[in-house]
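Trainee: What follows is the residue order along each chain.
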Amino acid sequence: DTGVSQDPRHKITKRGQNVTFRCDPISEHNRLYWYRQTLGQGPEFLTYFQNEAQLEKSRLLSDRFSAERPKGSFSTLEIQRTEQGDSAMYLCASSPRTGSSYNEQFFGPGTRLTVL
Amino acid sequence: RKEVEQDPGPFNVPEGATVAFNCTYSNSASQSFFWYRQDCRKEPKLLMSVYSSGNEDGRFTAQLNRASQYISLLIRDSKLSDSATYLCVVTTADNAGNNRKLIWGLGTSLGVNP
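Chains A and B, in that order, are what the protein sequence lines are.
Every letter in the first sequence is one number past the one before it in this note's numbering, and letter 46, counting from 1, is 46.
Every letter in the second sequence is one number past the one before it in this note's numbering, and letter 66, counting from 1, is 66.
Isolated chain B (complex conformation):
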């Protein structure tokens, strides 16, 4: 079983749609959780971190359920510019409390169509 698993995708939605991505992780010791966005042939860029209380940034909402080891990302009113691959990422901490390596899901491709 992969350490981080995501919906296989691809997701193709019309502009204005709401789309949800799901992710599960296997290591209960994971401490930090993120969603990254990666455009074709570009480097990954942090979209948002994910907190237990849930967090929102404009049209994007991230949720974390530690008990179920489940992370989600909701995109409302999707735009053409949201077309990208969305990667779920978890990390554990070292003894000093600093993030160690990032463990990545395979990513879910999103295409937003006019």
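Extracted from the complex, chain A is given alone in its bound form:
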């Protein structure tokens, strides 16, 4: 399967714990995005990378959230001191090389986080 993959698919944690999610984009896609989706809502943008550079962060991304893409390939999203309000589906997407005319974003299956 050469699509976007995310790990883990499900995570249950207790409030106050730290969690880390991983996203592996489609190879050669240089843009990688993180979104968060809660029930009944559309996805909300969190941040995106072009190669290893983090180009934009949403105000939704509090200081408890940090994302990295150290080698311009896979990315991690860490949430420190989780709160119940962090419970959501965390979606990762990637898009092709800059300069393509379309730039469709391809989504991974998501990581569903439940904070107890």
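None of these hints come from the bench; they were simulated from the model.
For each residue, glycine too, the CB sits at the ideal point set by N, CA and C.
All clues given are correct.
List of simulated lysine-lysine pairs, DSSO-like, C-alpha gap at most 30 Å:
(1) Lys57(A) - Lys45(B)
(2) Lys11(A) - Lys71(A)
(3) Lys42(B) - Lys79(B)
(4) Lys11(A) - Lys57(A)
(5) Lys11(A) - Lys45(B)
(6) Lys42(B) - Lys57(A)
(7) Lys57(A) - Lys2(B)
(8) Lys42(B) - Lys71(A)
(9) Lys2(B) - Lys42(B)
(10) Lys79(B) - Lys45(B)
(11) Lys57(A) - Lys14(A)
(12) Lys42(B) - Lys14(A)
(13) Lys71(A) - Lys45(B)
(14) Lys71(A) - Lys57(A)
(15) Lys45(B) - Lys2(B)
(16) Lys42(B) - Lys11(A)
Some, not all, of what chain B presents toward chain A, calculated at C-beta under 7 Å:
(17) Glu43
(18) Pro44
(19) Leu46
(20) Leu87
(21) Lys101
(22) Trp104
(23) Gly105
(24) Leu106
(25) Gly107
Given chain A's structure and the hints, the job is docking chain B onto it.
Mentor: Using the frame of chain A, we list chain B on its own:
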């Protein structure tokens, strides 16, 4: 006001019906427009992009009116398998002309009944 607004739904229609979804966006600088489909507990998947000239893909027709900042999706001869949430998405471009973040509507739920 939300950046992208959609019909609240849900829409419940019989098989074979024609159903239309509407969407408005607030940022006149928006450059690209899409309809995504999302099945329950699955990731969103691109259904079709939307062009000013209108575009059709089988039973699906998308229209864009830039002057009114309005997007529509028409589904003809609806099938049971069309049951899903349909999300309207817009994006602006960065200085290099590449799509930036996607701005999503809340989605409209469609149920097609036998």
